Amino acid sequence: MKNNRRKYSIFFLMAAVAIIDLCFGIFIDSYSAKHPLPGDYLKIEYMMKSSDEDMLIIGSSVAINAYIPQIMEDSLGLTCFNGGCNSQTLPFYQCMVEGILSRYSPAYIVLSMRKDDLFDEGLGFINLLKPYYGKGYASIDYFLDKQNGRKSIFLHSNLYRYNTIGCRILLQYLQSVEKISRKGFVPHAVPKYPPSLINQYAYASPDRRTNPELETCFLKIVDLCRQSGVRLIVTSPPLYIKLPGQGNPYEFSALENLCKAHNIPFINDSQSAFFLSRPDLFYDNSHLNYFGSEIYTNRFIDELKEKCVELSSK
Amino acid sequence: MLFNSLHFLGFFPAVCILYRILPQKYRNLFLLSASYYFYMSWKPVYGLLILFSSLVTWIAGIYIAKQSERKSQKRMLIISLIANFAVLFVFKYAGFFSSLINQTLGFAQIRMQLPPMELLLPIGISFYTLQVTAYVIDVFRGEIKPERNFLRYALFAAFFPQLVAGPIERAKNLLPQFRQEHRFDGNEFIDGIKTMAWGYFMKLCIADRLAPYVDAVFNNYLMHNGASLLLGTFFFTFQIFCDFAGYSLIALGIAKCLGFNLTLNFKRPYLSPDIKSFWRRWHCSLSSWFADYVYIPLGGNRCPLYRHLFNLFITFVISGLWHGANWTFLIWGAYHGLLMLFYVLKNRLLPKIKIHSPFQTAISVFFTLIIVMFGWIFFRANDVESAFSIIKKIFTEPGMLYKGNGIPDIILALFCIGLLMFKEIKDEMAWNIHLIHNKNEVISLISLSLLISFIILSADFSGGAFIYFQF
Numbered sequence: 001m002k003n004n005r006r007k008y009s010i011f012f013l014m015a016a017v018a019i020i021d022l023c024f025g026i027f028i029d030s031y032s033a034k035h036p037l038p039g040d041y042l043k044i045e046y047m048m049k050s051s052d053e054d055m056l057i058i059g060s061s062v063a064i065n066a067y068i069p070q071i072m073e074d075s076l077g078l079t080c081f082n083g084g085c086n087s088q089t090l091p092f093y094q095c096m097v098e099g100i101l102s103r104y105s106p107a108y109i110v111l112s113m114r115k116d117d118l119f120d121e122g123l124g125f126i127n128l129l130k131p132y133y134g135k136g137y138a139s140i141d142y143f144l145d146k147q148n149g150r151k152s153i154f155l156h157s158n159l160y161r162y163n164t165i166g167c168r169i170l171l172q173y174l175q176s177v178e179k180i181s182r183k184g185f186v187p188h189a190v191p192k193y194p195p196s197l198i199n200q201y202a203y204a205s206p207d208r209r210t211n212p213e214l215e216t217c218f219l220k221i222v223d224l225c226r227q228s229g230v231r232l233i234v235t236s237p238p239l240y241i242k243l244p245g246q247g248n249p250y251e252f253s254a255l256e257n258l259c260k261a262h263n264i265p266f267i268n269d270s271q272s273a274f275f276l277s278r279p280d281l282f283y284d285n286s287h288l289n290y291f292g293s294e295i296y297t298n299r300f301i302d303e304l305k306e307k308c309v310e311l312s313s314k
Numbered sequence: 001m002l003f004n005s006l007h008f009l010g011f012f013p014a015v016c017i018l019y020r021i022l023p024q025k026y027r028n029l030f031l032l033s034a035s036y037y038f039y040m041s042w043k044p045v046y047g048l049l050i051l052f053s054s055l056v057t058w059i060a061g062i063y064i065a066k067q068s069e070r071k072s073q074k075r076m077l078i079i080s081l082i083a084n085f086a087v088l089f090v091f092k093y094a095g096f097f098s099s100l101i102n103q104t105l106g107f108a109q110i111r112m113q114l115p116p117m118e119l120l121l122p123i124g125i126s127f128y129t130l131q132v133t134a135y136v137i138d139v140f141r142g143e144i145k146p147e148r149n150f151l152r153y154a155l156f157a158a159f160f161p162q163l164v165a166g167p168i169e170r171a172k173n174l175l176p177q178f179r180q181e182h183r184f185d186g187n188e189f190i191d192g193i194k195t196m197a198w199g200y201f202m203k204l205c206i207a208d209r210l211a212p213y214v215d216a217v218f219n220n221y222l223m224h225n226g227a228s229l230l231l232g233t234f235f236f237t238f239q240i241f242c243d244f245a246g247y248s249l250i251a252l253g254i255a256k257c258l259g260f261n262l263t264l265n266f267k268r269p270y271l272s273p274d275i276k277s278f279w280r281r282w283h284c285s286l287s288s289w290f291a292d293y294v295y296i297p298l299g300g301n302r303c304p305l306y307r308h309l310f311n312l313f314i315t316f317v318i319s320g321l322w323h324g325a326n327w328t329f330l331i332w333g334a335y336h337g338l339l340m341l342f343y344v345l346k347n348r349l350l351p352k353i354k355i356h357s358p359f360q361t362a363i364s365v366f367f368t369l370i371i372v373m374f375g376w377i378f379f380r381a382n383d384v385e386s387a388f389s390i391i392k393k394i395f396t397e398p399g400m401l402y403k404g405n406g407i408p409d410i411i412l413a414l415f416c417i418g419l420l421m422f423k424e425i426k427d428e429m430a431w432n433i434h435l436i437h438n439k440n441e442v443i444s445l446i447s448l449s450l451l452i453s454f455i456i457l458s459a460d461f462s463g464g465a466f467i468y469f470q471f
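The listed protein sequences derive, respectively, from chains A and B. Each step along the first sequence adds one to the number in our numbering, with nothing skipped, and position 147 is 147. Each step along the second sequence adds one to the number in our numbering, with nothing skipped, and position 241 is 241.
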């Protein structure tokens, strides 16, 4: 009798896991609707569901630490939000642009690109978008299916969708929570020792080719912005890395050509002579510290204004 | 095929169902086919190696039993041992020894060089080789009767749950189980699922989550300071335990679901109060193999002290070398050999200290864990030079901790380690707190479903291979 009951235990077990999965999904959905999630999730959720700024900055951690929206707002007279997310690349940017534009059209999107953005391999931390799987965002579904391969069948489970992320969300409450009050900008402290210059000039590789899939992502972003009447500006903040090809670094020439071909303004400050001579303004070789970002934002605004005027006159 | 792959997720239920549906007389044949499919889905041609080992040892077993003369029995035993260990040597050690010979020739300024021999190591070869050779030795010693049915014997050699990373089963435990009829037992099946779930927790939530941090610091140790390397070593201590013990538990659970009982390979090793106890709890099936087939034949401890110490030391050195053809494993084995020598000498020369209080026990456990952890540096380092540099850095270069994939990942890993250690301490102290193994079926089932849900929520599903596969 008992053995017979045990026979069905496996079905009870499966049902129990399914119920926990369902309850977890309901809980996390209602929780995130009432309480902001910490870190990058807060930004993603904000940009996907409630942002209404005139200008949105999309990019990676380089963007988070480079652009101070308050300064930009004062100078441009436009509301602005820095939507940079850590360790992200073009597929993520495409997903974000698609998600945002499905809800509203900002006047400008500033796409902050890194020198490797067209050359990377893989899809970056796209799994961060797992909670949005199956919720009507075609790009998110496409990239997550691609990233997870045959495992994407599990994306229908709420627990799996929050795999790692769920724990990160809980644990990030233990850390200092990124404040949305800074409009997405997160300052970096001034390090004890400034970084030393990395000279990549010696590693120039003329054979390096752009990743066609990433190029497609870029073109898709251009296309989405055009369709929604959003003005797209591509930028690249200062680096403390000397790139190959003085004045016209090889990596950026690919991006420059792409922008030129599609009439997208490109503000490339990655090799700014001023910043290359000021290691004290950097947190590390790729990220500005707080003083660096303040100086950079003020300098960048002038260039940005020019591009905005150019775009408005078109 | 890996236990943590999607492929296995389809394979396992299919095997369970078909095994139960089939009539008893076809079940062994089915399990054998499933085992070969499991192994050959990695590299089909290497299935021939298991077949070869199985054939040689099966014939040897029957031949030995037929011969009445000890001399001819011995000859057959030696032939079968040479045949099996030669295969192991060619695939595992030929590259190492050829490079060693080339270095020596170069040092002696002799121009002749052996061609490089880098063969792809068949996974699990070290495990099944030990298992089948133990069978022939047991037959030779008269401890077991030879298995006349090749199908049954081939299944013993290739039984998929324990084929690639143990436990290294003895014929007297596993072979008779293939002769029995296994009726479905609900209790046994659910117990198997529970064992598997805990194994997956250890593998996916701890070992695989710690792996990126460990790899980052050990593979780029020059870029990291002492604090990060110390944390990396601590993490590796748990990574290797959870990876291997996790695999063993999954194997045990799978076997249990099919109605078989395998040997428990790990018995709370990090709660050992001394090094001897550690080796009684760590990789038990391998330790007992080396004790029965290397240490005791060498003379064991029934000989003069110097010989006893030599036997111990050489057994550990061989055990180190079994793990891989690398100086780091040799040093790791020698390090543990030396620790055992100190332990034996201490017990012989100094009066025995009886540990009474829990505090004293905790101190002994902590001290043993530290010395074991130190040994893992040699085990994990890519070469001997790196191992010594890492040790030097740990003691001389303090600094900021490398955060790897972020503080949340580190905290999550530490939380899971805490959970594991709580269970280990609870089991060691025989506390009467049971969740998964609660007598109340409802509590037990809910606990199990919560554990499975926690695994889905926090595991690393990137599909990391098991560390011991490379051995």
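Hints in this document: simulated from the structure, not taken from any laboratory. Quick caveat, the model's predicted, so the values are computed rather than measured. There's no promise every hint is true.
Each computed DSS-like pair below joins lysine-lysine, with the alpha-carbon atoms no more than 25 Å apart [claimed, not checked]:
id, chain 1, residue 1, chain 2, residue 2
1, A, K34, A, K192
2, A, K130, A, K220
3, A, K305, A, K183
4, A, K220, A, K49
5, A, K192, B, K393
6, A, K151, B, K267
7, A, K192, B, K403
8, B, K267, B, K172
9, B, K403, A, K130
10, B, K267, B, K392
11, B, K392, B, K403
12, A, K135, A, K146
Here are some chain B residues pointing at chain A (derived, C-beta under 8 Å) [said to hold, decoys possible]:
id, residue
13, L121
14, I190
15, N440
16, I443
17, S447
18, L448
19, I452
20, I456
By construction, the Cβ of each residue, glycine as well, lies at the ideal position given by its N, Cα and C atoms.
To see whether the hints hold, each was checked on the structure:
1. K34/A / K192/A: violated, 40 Å
2. K130/A / K220/A: Satisfied, since the Cα-Cα distance of roughly 21 Å is no more than 25 Å.
3. K305/A / K183/A: holds, 20 Å
4. K220/A / K49/A: holds, 21 Å
5. K192/A / K393/B: holds, 21 Å
6. K151/A / K267/B: Cα-Cα ~34 Å, so violated.
7. K192/A / K403/B: holds, 18 Å
8. K267/B / K172/B: At roughly 21 Å apart (the allowed maximum being 25 Å), K172/B and K267/B satisfy the hint.
9. K403/B / K130/A: Answer holds: K403/B to K130/A is near 23 Å, not above 25 Å.
10. K267/B / K392/B: violated, 32 Å
11. K392/B / K403/B: holds, 21 Å
12. K135/A / K146/A: holds, 17 Å
13. L121: violated, 27 Å
14. I190: holds, 5 Å
15. N440: violated, 13 Å
16. I443: violated, 12 Å
17. S447: With Cβ-Cβ at 10 Å, over 8 Å, it is violated.
18. L448: holds, 6 Å
19. I452: Nearest chain A Cβ about 5 Å off; hint holds.
20. I456: Where the cut-off is 8 Å and the nearest Cβ of chain A is about 4 Å from I456/B, the hint holds.
Comparing the model with each earlier hint shows violations of hints 1, 6, 10, 13, 15, 16 and 17; every other hint is respected.
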